[in-house]
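Q: Each chain, written out:
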Amino acid sequence: MDMVIADNLVKTFPAPDGKEKRAVDGLTFRVGEGQIYGLLGPNGAGKTTSLRMLSGLMAPTSGGAMLAGYDVATQPQEVKRVLGFLTANTGLYQRLTPRELLVYFAQLHGMNKLEAFDKADHLIEWLGLTDFAALRCGALSTGQKQRVNIARALIADPPILIMDEPTLGLDVLSNRIILEYIKRERDRGKTIILSTHYLDEAEDMCDNIGLIYDGTLVAEGTLESLRASTDEQRLSNIFLKIIHASEKVEAAIA
Amino acid sequence: MSSVHRIRTVYQKELIDILRDRRTLIAMIVVPIVLYPLLMVGSLQAVSIQAASLDEEKYTIGVVGRDQQNLLEYMLQWDAKLVSQEKMADENAESDSDDKKDAAPLVDLVKIIPIKTQEALQINIRERAIHVGIVFNSNEFLKAIDQQNGVTILSDKAEVRGQYVTGRLQDMFERLSNRLVEQRKQRAALPTYFDQPFAIEYVNLSAPQSILGQILPLILILMTITGAIYPAIDLTAGERERGTLESLMVCPVPVIDLVVGKFLVVTTVAIMGATLNLASVTATVYFGGFDMLIATSGQGLPLATMLLILVCLIPFAVLMSAMMLAVCSFARTFKEAQNYVTPVILAALLPGGMAALPAARLEGVMLVLPVGNMVLLSRELLLGAPVPVGHLLTVLFSTTLYAGAAVAIAAALFGKESVVFADTGSLKTLLSRKLFKPTRLPSVAMSLLYVSLLFPAWFFVQSALSPGPNENAVGLLQTSAWLMPLMFVLMPILIMAFWKVGVKHALSFRVPSIRHLSAAILLGLCMWVPAHELNLIQFQLLGMPQAVAAQAESIAATLQALPIVGVILLIAIIPAVCEELLFRGFLMGGLSGAARKWPAILASAAIFGVFHFLIFKFIVTATLGVMLGYLCWQSRSIWPAIIAHALHNSLAVISVVSPTTFERLGIRLEDGAHLPWTVLFIGCGAVVMGFVMVGKRSPSQPQAAIVTA
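For the protein sequence lines, the chains are L and G, in the order given.
Residue numbers for the first sequence follow our numbering, beginning at 1 and rising by one.
Residue numbers for the second sequence follow our numbering, beginning at 1 and rising by one.
For the record, the hints were derived by calculation from the structure and aren't laboratory data.
For glycine and all other residues, C-beta sits at the position ideal for the given N, C-alpha and C.
Treat the hints with care, since some could be wrong.
Stated by the list, open to error - Result set (EDC-like, lysine to aspartate or glutamate): computed pairs, CA atoms no more than 20 Å apart in a straight line: (1) L:19 to L:33; (2) L:113 to L:71; (3) G:437 to L:71; (4) G:617 to G:533; (5) G:437 to L:20; (6) G:58 to G:108.
Said to hold, decoys possible - Some chain G residues flagged as far from chain L (calculated, every beta-carbon gap over 12 Å): (7) 6; (8) 14; (9) 84; (10) 243; (11) 244; (12) 247; (13) 251; (14) 252; (15) 253; (16) 258; (17) 343; (18) 359; (19) 453; (20) 602.
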């Protein structure tokens, strides 16, 4: 069963000059259960906007999406129950401790106080946050903060995870820890959409890859199929080749 | 998880979060506990030190020529003697009047300088070389005892020392003239009361008003606002700025629960802050020994009153917090929020200041003026004036309505795409029509905001139109019948059309079933029976003000002289149609988007009741509102409610205009008399039967052609 279905998603923003800018232009893809789907592309390609539409934070101008069989437009509360969303540049409540923060979000997901404490303590142990679980979030390092954020996204043990640039601005060590978390969640059967502009880090993570450029999907498939179709090995080179090809086509049309 | 549980979760977390913030603690605790005592002690001491120092300073008085110098010196000496005589007499009579310290006699404080001309005198005063100048019109001044003597006192009004000496000189001349008048009366053998044809004594029986009571309500506004500003910004724009808003918005929690939780936190902090402020002021005044200075009544600070103020503070804090939250929900950053808050504070201070004017009274439009009504209410309570229950309830109800509208707006704005994401485009998108999606129902914020704006406006129209003793009620009723379709129906329709709300569906213009129509007719014909009995019960509980009863009678008399069809149209049919479209259509439609069946029906019925402005009719109108709301909800059509309402109103009009119609049926509607048991039984039975007929809810119509993108 396809856990995530994006169907021709379009989002236009009013541009300062009075015209409209198409940030996402007809995005369609599917993610099967237990897979990691990499939505990859450069900054400003429309990744974040797409993920916001998938999660129901933003209403699409046209098109629609289904998560675990729920329609994002008409069943927003159900969608939020099956979804853990790690947004890009997300913040934490500076004056709460990671443990308090996790308990809060657990309660917002409908757990009673006791269940919430159990869940928070379990995640703190599972993700190795014990050392700093009692400090204020404001005092944590960037890597520690991101680990707490991932714990927050996992709080309700949702079947679908959307991770928008989870490794942005992290050092090598924290980067590795986060990617390990993500793999471990996939192995537990979760469906994951991973967006990043560090193309090469996605190579050994994703079961399926969608390359997004200028609001549209320019290529999609497994790493092998992309390698085969472009004769390139590194994902970044594959991407550049595809972009180059599509621009050549555009130039030819014009 | 229930809504209450979610709201409590949000409340607890936000309260901990905000109380851990150093800035909140400084604003809430350090400022009142440290700053107020310091400010108050400091400024009061500065004032008293200055006053004391004026009594001890040396002053120079300029006169023209040496003769006049001698003359003034003579007068000053004489005055000093008179003062000491007076004091001796006082001490013999009453020895306990020693609480005010006597200033040194003027003669000891001044130095008199002779100056050549009056022009030079003026220049010296301008240059502040001397404090005051005195010019006598004659050097032979006091010797011409039966004449009037001219004295010119020159001073610079802007100069505090000059003012002080002028005041002391005025006292001196008053004492000397009194003395001279005594002498003149003795010489002419006139009685002492010769120049006092009336011996007038004013006896003031009112409780001495304290300055505190006059200014405290206004201080209260400021304290509550100050308390609400920071948390309101922190919990809305702060959440957006720190990047926590998105995580919150992907939680399966309705926005309204988040906003209500946050709103309760802002209210709590505002009340806590204002309580601390108030406690600190009270303690400073009380323990600092300033209570006599502030409460002119002389009985010190009324501590019990302070508790009363605290109680008044709660609805006040509720309204201010809701307004702040609504404004801040619109902002993306802390800075932006601060900019939005300033005009709100000014907007709140204007009615607050109006109400703080000594002449303002808690009556008329002031009863429903946002903020202003609370200021007046707390002042009336502070000054111990009796406040009628109706007024009290009107103030509380209207404040609740405004606060509810503000919370609904906050919920509508909070988490809105264009506010959450800066890249979605400017905030103008919130108002740009082409981006609106067509909807089937008005939003809660839209209907509540319009209704709360309409509330004071309609109140104003009603009081402006209510006929005076000699006015023609007919013309006024006609105006009202014209304004009602405009304000109750046309405006909501225009608003909905602008926001692309499907008017036909929103106002439930749908053909009802025969079953619901017959139920509506039955209810419309019989609801007056329980309504009549409810009215009686209510009158027994609250009583009807004489003025209202008299007004009702005079209106009845006017109406009896008019053609009955016109009267029914003007005051039965038109109001019925307009009120149904507004309350059961626009308002209940908006509420039904966010609330379940009974909360929506009850809330719209309560607002419908409040809109009649007569608190002693509230129970009846609200009950009717519930019945009509139920009828409309079950039938999914506005028509049954309109028909039932119009029939009910018409019967009420007929009972007033031509009571004989009812008498012919064997029903006597005398004042205060219960209906005969038979009528009561049949009527109530018919109403119950009507509701049985209403029965199950009509199936919803297939979704109209609304393009969902």
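Q: All hints are to be evaluated individually against the structure, with a verdict given for each.
A: Hint-by-hint comparison with the structure:
Our distance criterion of 20 Å between C-alpha atoms is broken by residue 19 of chain L and residue 33 of chain L, whose separation comes to about 39 Å. For the hint linking residue 113 of chain L to residue 71 of chain L, the alpha-carbon distance of about 30 Å lies beyond 20 Å, and the restraint is violated. For the suggested pair residue 437 of chain G and residue 71 of chain L, the alpha carbons sit about 18 Å apart, so the restraint of at most 20 Å is met. Between residue 617 of chain G and residue 533 of chain G the alpha-carbon distance is near 12 Å, which keeps this suggested pair within the 20 Å criterion.
Under the criterion of a C-alpha separation no larger than 20 Å, the hint pairing residue 437 of chain G with residue 20 of chain L is consistent with the structure, at around 17 Å. Restraint check for residue 58 of chain G and residue 108 of chain G: satisfied, since their Cα atoms lie roughly 8 Å apart, inside the 20 Å limit. At the 12 Å boundary, the C-beta of residue 6 of chain G falls inside the reach of chain L, the nearest C-beta of that chain being 7 Å off. The claim that residue 14 of chain G lies off the interface is violated: its Cβ sits roughly 9 Å from the closest Cβ of chain L, which falls inside the 12 Å cut-off.
Its beta-carbon lying about 70 Å from the closest one in chain L, residue 84 of chain G satisfies the requirement of being farther than 12 Å from that chain. A beta-carbon of chain L is positioned within 12 Å of the beta-carbon of residue 243 of chain G; the least distance is around 3 Å. A cut-off of 12 Å between C-beta atoms contradicts the statement that residue 244 of chain G is not in contact with chain L; the least separation is 5 Å. Residue 247 of chain G, annotated as away from the interface, has a beta carbon of chain L within 12 Å; the closest lies near 6 Å.
Consistency note on residue 251 of chain G: stated as away from chain L, yet its beta-carbon is not over 12 Å from all of that chain's, at 4 Å minimum. Distance check on residue 252 of chain G: its Cβ comes as close as 4 Å (rounded) to a Cβ of chain L, failing to clear the 12 Å threshold; non-interface status is violated. Consistency note on residue 253 of chain G: stated as away from chain L, yet its beta-carbon is not over 12 Å from all of that chain's, at 5 Å minimum. Distance check for residue 258 of chain G against chain L: the nearest CB is about 9 Å away, which does not clear 12 Å, and the non-interface claim fails.
With a least beta-carbon separation of about 26 Å from chain L, residue 343 of chain G lies farther than 12 Å from that chain, consistent with its non-interface assignment. Non-interface call for residue 359 of chain G relative to chain L: holds, since the shortest CB-CB distance, roughly 48 Å, exceeds 12 Å. Every CB of chain L lies more than 12 Å from the CB of residue 453 of chain G, the least distance being 28 Å, so the non-interface label holds. Here residue 602 of chain G stays apart from chain L, with its beta-carbon at least about 25 Å from theirs, past the 12 Å limit.
Hint compliance for this structure: hints 1, 2, 7, 8, 10, 11, 12, 13, 14, 15, 16 are not met, and every other hint is.
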